[in-house]
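Knowing the structure of chain Y, use the given hints to seat chain G on it.
One letter stands for each residue in the lines below.
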Amino acid sequence: MSTQKTLPEPIIRPEFINENIALAHTGDVAVKLSVFEKIWNINGVRKAFILLSLVAIWQAYTVLLDVEPLMFPTFLSALDRLVSDLVDGELLAKVWFSVKVLVIGYATGMAIAAILVLWGTSSRLGGDFISMATAMFNPLPSIAMLPLAMLWFGLGTASLVFVLVHAVLWAVALNTHSGFKNVSSTLRMIGENYGLKGVPFVVKILVPAALPAIMTGMKVGWAFAWRTLIGAELVFGASSGGGGLGWYIFESSQNIETEGVFAGLFMVILIGITVENLIFRNIELKTINRWGMQR
Amino acid sequence: MTQGAHTAAGNTPAAAAVDPLLDVDGVTLQYKTKEHLITATYRVGFKVYPADRFVLLGPSGCGKSTLLKGVAGYLKPVEGNMRLKGVDIKEPGPDRVMVFQEFDQLLPWKTVKENITFALMNGGRCKTQSEANDIAMEYIKKVKLDRFEDTYPHMLSGGMKQRVSIARGMAMEPDILLMDEPFAALDALTRLQMQEELLQLWEDTHFTVLFVTHSIEEALIVGSRILVLSPHPGQVKAELNAHHLTHASTGDPEFGELKTKIHNMLFADRILEDELAAAAAEAEG
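Order-wise, the sequence lines are chains Y and G. Start counting the first sequence at 6; every next residue gets the next number (our numbering). Start counting the second sequence at -17; every next residue gets the next number (our numbering).
So that you can see chain Y by itself, here it is in the shape it has in the complex:
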């Protein structure tokens, strides 16, 4: 037999009603941040800090340890080369050549992806084709298609565009298609309810609803394309006339101008960051961030 335990009873207390609730005023709910905290909260400031630290380490390493400039030039000398080549227009011409090809390839890839995804949403066979084709071609590095492209299209812009399309197409198609599949049935039913069918349904409901996934696809596609282009130009940039940024890097290394190699790499990074932060980030801020689809 267990020992008798007294259970706690609720204590009955007098009731009260607060009549003055409307008169109550709160103190400082918001406390101001210090100036340092405010500055540190800016994304760009923190990132610039990291960047400057890396540059400082590089400069210090090369100068203090007196590293052979042919192997690893100082940051400042590489920067100097970048500026001088930019000013005399040589580098700009190469950049322009690359960007032009890139835009053509990217736009073509996007257009084909759009057609493909449209087919994929309208028929089951199309959907099956997308998932199968992406499974096959997405793991295939675009640069591996270059020998074939050269065989088919010769040494020219056409070959570059071909590999770029391959780089963009599957990433965009895969992400867009899976984005469409994830659109909630409620939103679909709403669209149908207001009489939307076919292409208007895709454009007015599926595309905006799947925009986060589409943006991911576009960003991945962009990164693939940019890498592929530089790689392809390294291989045969010169023979296609002017040659692009990749060729500039290759040429510099052939001439044992290591500063030039670094200047070219800077440019590749710079353009990559610019597109990512200026173009994609701004599209995101104006769309999916504003709509609360992404933080």
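FYI, nobody ran anything at the bench for these hints, they're computed from the structure. There is no bait here: all hints are sound.
Now the stretches of chain G that chain Y is said to cover, found in silico as 3 or more residues with beta-carbon under 8 angstroms:
| hint | stretch |
| --- | --- |
| 1 | 71 to 80 |
| 2 | 88 to 97 |
| 3 | 103 to 113 |
| 4 | 135 to 142 |
Ideal placement from N, C-alpha and C gives every residue a C-beta, glycine not left out.
Just chain G now, with coordinates in the frame of chain Y:
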């Protein structure tokens, strides 16, 4: 001809003079999951007349939501037919506007006002944007959301989102407004308030609404006529009047009696089912 008896029961003498707005006759609905073909409703029949606040009430699994989706045109009956103003329902259309339970029924890329104008323009109710804007603002005011017309849905509370959805549905002035447990995801206090507001809106224009719920109390408060469905598959159990009951009458003995009556109807089934299940288990064991 058991079917005839069902529909006949739905005909009140007073209503016989008017044509029903929505006529659901002997409807069997089935849908497929990955492994099963599920019969959601079996030979369900009812008639909705203009200005009805017609409630489909039943426990989960009675196919009430599926029935509403059928009326909306998302699902084709395998048997029987559904007519709106005498015309067979074939596909979704703006003459029957759905209000869902889910908060994501608002287009997140459109503001409160744009969500309504989007419906008005695409649903073919408005030809010009300015006309759509005027109507949208009128209905935004009706649901007391003026000042929020340029807000994106993700900034709104659950109750506010449902208000926008209702405003969007009403702005279309459909033949019938279809509401699929629109208040089920709201907290209890907001739900009470929304029921109250819906009734006030109804007082303005006496629109026709087909309302799905699993709450007996909500059915009694919101509905003017209640179709009680039994589960697995959904079949008509009863059709009852509740036009005289509102929030104000929740304390009345009549309210309590009707509530108990419906409760027993639904509960009796469950007891029977439990017994059957127990008997089946015994037979197997």
